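Student: The residues making up each chain are set out below.
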Amino acid sequence: EAGVAQSPRYKIIEKRQSVAFWCNPISGHATLYWYQQILGQGPKLLIQFQNNGVVDDSQLPKDRFSAERLKGVDSTLKIQPAKLEDSAVYLCASSVNGRSRDTQYFGPGTRLTVL
Amino acid sequence: AQKVTQAQTEISVVEKEDVTLDCVYETRDTTYYLFWYKQPPSGELVFLIRRNSFDEQNEISGRYSWNFQKSTSSFNFTITASQVVDSAVYFCALSPRKVFGKGTRLSVIA
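Line by line, the protein sequences are chains A and B. Per this note's numbering, residue 2 is the first one in the first sequence, and the count goes up by one each step. Per this note's numbering, residue 3 is the first one in the second sequence, and the count goes up by one each step.
Same shape as in the complex, but just chain A:
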């Protein structure tokens, strides 16, 4: 079974530029998550999708971050414009149904550096 795929693996941009990350979850997983992991910290949930609907985006900085999962499969996370403090690893994860007990399966992440 293929795991969670993410691209690109690395991205370097200058502040005020835009960037987009892509995630393809495990086939059949209804729930998709985006996390931000700043160096030396644990992952912080940005947004959770159930199929193509948003379940939780309470920690998403909506003035600059946006995410979509139009067909309920793959997803894109965008930052526009980027700030220095956005430098982090962006992790995508998926789970079968998004229930509290469900195990999340993580992708390799995209490391973003904002200069």
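FYI, nobody ran anything at the bench for these hints, they're computed from the structure. As the structure is a prediction and not an experimental result, all values here were calculated from the model. There could be a bad hint or two in this list.
What the hints assert, rightly or not - Derived DSS-like pairs (lysine-lysine); straight-line CA-CA distance at most 25 Å:
hint : chain 1 : residue 1 : chain 2 : residue 2
1    : B       : K5        : A       : K63
2    : A       : K16       : A       : K79
3    : A       : K79       : A       : K12
4    : A       : K84       : B       : K104
5    : B       : K40       : A       : K45
We have chain A; now place chain B onto it with these hints.
Tutor: Coordinates of chain B only, in the frame set by chain A:
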């Protein structure tokens, strides 16, 4: 509010030593789940174990064991006879709010 505290930032042990990673949590939910994940240098978080709030039985899986104590809100993780391949950052997490601790970096020296 939900919170997970991993007080140990870094631990270094010599191979074959036992090591315990601490996790303390706070939640007002009566039903919740606790997880441990391993993040090796490659960066991908790997699921290790899940425990629900109604099951306080300890669990052993090979060299890994977990001690869940609701009375002290702790879910500690022990690696017996550590190996170099155990070197990684370990995260404790709490659901349903999907809150992670800051992680403990374990270095096992040959």
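Student: For every hint, state whether the structure bears it out.
Tutor: Hints, verified against the model:
1. A distance of roughly 23 Å separates the Cα atoms of B:K5 and A:K63; the hinted pair therefore holds under the 25 Å criterion.
2. At most 25 Å may separate the alpha-carbon atoms for a hinted pair to count; A:K16 and A:K79 meet this at roughly 14 Å.
3. Restraint check: the Cα-Cα separation between A:K79 and A:K12 comes to about 13 Å, which is no more than 25 Å; the hinted pair holds.
4. For a cut-off of 25 Å, the pair hint linking A:K84 to B:K104 stands: about 23 Å separates their Cα positions.
5. Between B:K40 and A:K45 the alpha-carbon distance is near 16 Å, which keeps this suggested pair within the 25 Å criterion.
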